[in-house]
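Chain by chain, the residues run as shown.
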Amino acid sequence: MEAFLRHWLEWPAVAAFINANAWAWPLCETLHFFGIILLIGGVGIFDLRILGMGKGLPPEALKRLLPWGVYGFILCAVTGLTFVTGVRANVPMSPYDLIRTDPWLQLKLLFIALAGVNLVAFYATGMARRVDELGANDDAPGLAKAIAGASLFLWLGVIYFGRLIPEAL
Amino acid sequence: MFDVLAAIENSGFATWVRETPSVLGYSTVLALHTFGMSFLVGLSAMMALRSLGFARNLPLAPMEKFYPLVIAGFWVNALTGVILTMLAAVSLFRNPDFYIKLAAIAGAIVTLLMLHRELFEQRVALDSAGRAPLKTRIVAVAMLLFWTIAVSAGRLTAYSNYVRIRTVAAIVIALALMVAVRHVVARVLSMGTQTLAPVAPPATNR
Chain A
0 MEAFLRHWLE WPAVAAFINA NAWAWPLCET LHFFGIILLI GGVGIFDLRI LGMGKGLPPE
60 ALKRLLPWGV YGFILCAVTG LTFVTGVRAN VPMSPYDLIR TDPWLQLKLL FIALAGVNLV
120 AFYATGMARR VDELGANDDA PGLAKAIAGA SLFLWLGVIY FGRLIPEAL
Chain B
0 MFDVLAAIEN SGFATWVRET PSVLGYSTVL ALHTFGMSFL VGLSAMMALR SLGFARNLPL
60 APMEKFYPLV IAGFWVNALT GVILTMLAAV SLFRNPDFYI KLAAIAGAIV TLLMLHRELF
120 EQRVALDSAG RAPLKTRIVA VAMLLFWTIA VSAGRLTAYS NYVRIRTVAA IVIALALMVA
180 VRHVVARVLS MGTQTLAPVA PPATNR
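Listed in order, the protein sequences are those of chains A and B.
If you read the first sequence in numbering that gives the first Met the number 0, its first letter stands for residue 0, the second for the next number, and so on.
If you read the second sequence in numbering that gives the first Met the number 0, its first letter stands for residue 0, the second for the next number, and so on.
None of these hints come from the bench; they were simulated from the model.
Here a beta-carbon is modelled for each residue, glycine too, at the ideal position from N, C-alpha and C.
Treat the hints with care, as some may be off.
Covered by chain B, per the in silico footprint, the following chain A stretches (three or more residues, Cβ under 8 Å) [stated by the list, open to error]:
1) 16-27
2) 47-57
3) 64-73
4) 76-89
5) 162-168
FRET-style restraints, in silico, Cβ to Cβ [said to hold, decoys possible]:
6) A:D131 <-> B:A128: 19 to 27 Å
7) B:P200 <-> A:L168: 53 to 61 Å
8) B:K134 <-> A:R63: 21 to 29 Å
9) A:W7 <-> B:D126: 47 to 55 Å
10) A:T124 <-> B:V109: 43 to 51 Å
11) B:T19 <-> A:A112: 25 to 33 Å
12) B:T203 <-> A:N89: 50 to 58 Å
13) B:L78 <-> A:I73: 26 to 34 Å
14) A:L113 <-> B:I137: 38 to 46 Å
15) A:N20 <-> B:R93: 23 to 31 Å
16) A:L118 <-> B:V184: 14 to 22 Å
17) B:T14 <-> A:G115: 51 to 59 Å
Using the sequences and the hints given, assemble the complete structure.
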């Protein structure tokens, strides 16, 4: 299993590309930031509305901003995978050892997974539909508020732990 | 001037933030700077996008409720930005990239204030496509451009001029590609639905 992961997580082509092009790593870093901005802008504004801020906004119409958040997540995921699979371009260690030894990266991945579970819960509990039916100035159900609060907390946690990753290198 | 900057850089506070093994030093200040950025830029960008006609059924006026969070994000970043500047004061004030970042932030704040005035105080009328008038849209696009420059320049202060110039070219190309991809995806996703579903009239700004 270890040998499999060691082999499978390492992408020499990615590291070689980063090594060959000085702009590749800072480009990914900058796009990672654009992604964070779109994610917190698009998803955060929806979470805040469910929590009761800007209640005059009907969630059904506000949902049209969510694709920007999804776009941000995709940007972060692609550039983030580049950082991990191509880590050897920057630090002399394998991606497997990076994931195995860096507690901040582990916490970050855990929080991303929890944010995913939280999103599934939003639909599975029927809260997504209840929120859809809310008009302007309607209050969201308590469970929807808990899920929205968890979403904000988890994404900010992802940003925080992401910033701490170099601490353990 | 650089003597003063060196003294600031070597002060006890700056040295502690820079060199403490605790995660509550440098990394936490950086993380707070990222939180501030995501609220300041993220939420103001959503207001700009709405004024450009995205989410056209969304009433604009209640979006002002998020404006205090935008301002809070600015002050968090002003404070953490001053702290981060203290840690490497001499090299930053010799770095042209740092001045570009500061100028872009100034431009972004001016256009943000203009956007706020036009959208939420003057309450400019929205057209049949749910867009603000051309003048307001120009302000919104200018603000998005200023933020793009500010965030990119901020990220690039850590690199050499050689890397910086190449990265700027790469960012411009990547952004052009992303806008093109978004356009194509939006076209594909809306294919068919435009003729099937009756389109609700866009929100007004009254």
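Indices of hints not satisfied (ascending): Hint check: 4, 17 fail, others pass.
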